[in-house]
Amino acid sequence: QQQVKQSPQSLIVQKGGIPIINCAYENTAFDYFPWYQQFPGKGPALLIAIRPDVSEKKEGRFTISFNKSAKQFSLHIMDSQPGDSATYFCAASMDTGGGNKLTFGTGTQLKVEL
Amino acid sequence: DAGVIQSPRHEVTEMGQEVTLRCKPISGHDYLFWYRQTMMRGLELLIYFNNNVPIDDSGMPEDRFSAKMPNASFSTLKIQPSEPRDSAVYFCASSLGIYRGFNQPQHFGDGTRLSIL
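So the sequences go chain by chain: A and B. The first sequence begins at 1 in the numbering used here and counts up one residue at a time. The second sequence begins at 115 in the numbering used here and counts up one residue at a time.
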């Protein structure tokens, strides 16, 4: 019940395309859903996050869509660029009394080709 | 501001040896997390601390693993004795947790790539 399932495992798109990465969760107690971006040799870094009281959040070219009833959320990257090539992780957490313990998905390796 | 600092960046050692990984969190952050990343299992939370106190160590795989946080600016993850299956990238992250009702991001270090021969 603590798992977050992420798909696809890898994704290749052309420059300017719109890659979409999907995640699903079971635990309805999750109340915070961030996406992290990781480049080779680096640690993950927060990209964008959403709470379940909204259905969509945009930050620049990155958009999270959230479907509370389906317990699914997805990341869309508009006008993708080669510099977006990285591994993307979705995650989920619940309030544990001040903490922010994250459960991560398995990651999606994105490659944006010229 | 300096981010989360981990050392060493790479460690290669023989099976059976003791391994100590080090982490300096971002100043002022009161949560510290240790993760392990492998191709097979992805990013796994091992243990996390709040105000230097271990809160949840349910992800620590075995008694061979131990973690300490003697003060707010330093933490260690120790493996003794090490085994080849411990080979992975180990990340430390720090955070303000939930501040004024808002989830604060976890800031990750660049990791320690550990190889046990």
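Just so you know, these hints were derived from the structure itself, not from any lab. Note that the structure is a prediction, hence the values are computed from the model and not measured. Idealized CB from N, CA, C, for every residue including glycine. Heads up, a few of these hints could be off.
PhoX-like cross-link-like pairs, simulated, lysine-lysine; straight-line CA separation at most 25 angstroms [claimed, not checked]: (1) 111/A to 15/A; (2) 192/B to 182/B; (3) 42/A to 182/B; (4) 68/A to 5/A; (5) 58/A to 5/A; (6) 182/B to 138/B; (7) 192/B to 42/A; (8) 57/A to 111/A; (9) 5/A to 192/B.
Okay, the calculated beta carbon distance ranges per label pair [said to hold, decoys possible]: (10) 178/B to 28/A: 31 to 37 angstroms; (11) 79/A to 136/B: 17 to 23 angstroms; (12) 176/B to 51/A: 32 to 38 angstroms.
Going through the hints against the structure:
1. 111/A to 15/A: 9 angstroms, holds
2. 192/B to 182/B: 8 angstroms, holds
3. 42/A to 182/B: 24 angstroms, holds
4. 68/A to 5/A: 15 angstroms, holds
5. 58/A to 5/A: Holds, because 22 angstroms separates the two Cα atoms, which is no more than 25 angstroms.
6. 182/B to 138/B: Roughly 12 angstroms between the alpha carbons, so the hint for residue 182/B and residue 138/B holds.
7. 192/B to 42/A: 22 angstroms, holds
8. 57/A to 111/A: Holds. Residue 57/A to residue 111/A sits at ~23 angstroms (cutoff 25 angstroms).
9. 5/A to 192/B: 30 angstroms, violated
10. 178/B to 28/A: 31 to 37 angstroms: Cβ of residue 178/B to Cβ of residue 28/A: about 36 angstroms, so the range 31 to 37 angstroms holds.
11. 79/A to 136/B: 17 to 23 angstroms: Because 41 angstroms falls outside the window, the suggested range is violated.
12. 176/B to 51/A: 32 to 38 angstroms: The hinted range 32 to 38 angstroms holds for residue 176/B and residue 51/A, with Cβ atoms some 36 angstroms apart.
Checked against the numbered hints given earlier, the structure breaks hints 9, 11 and satisfies all the rest.
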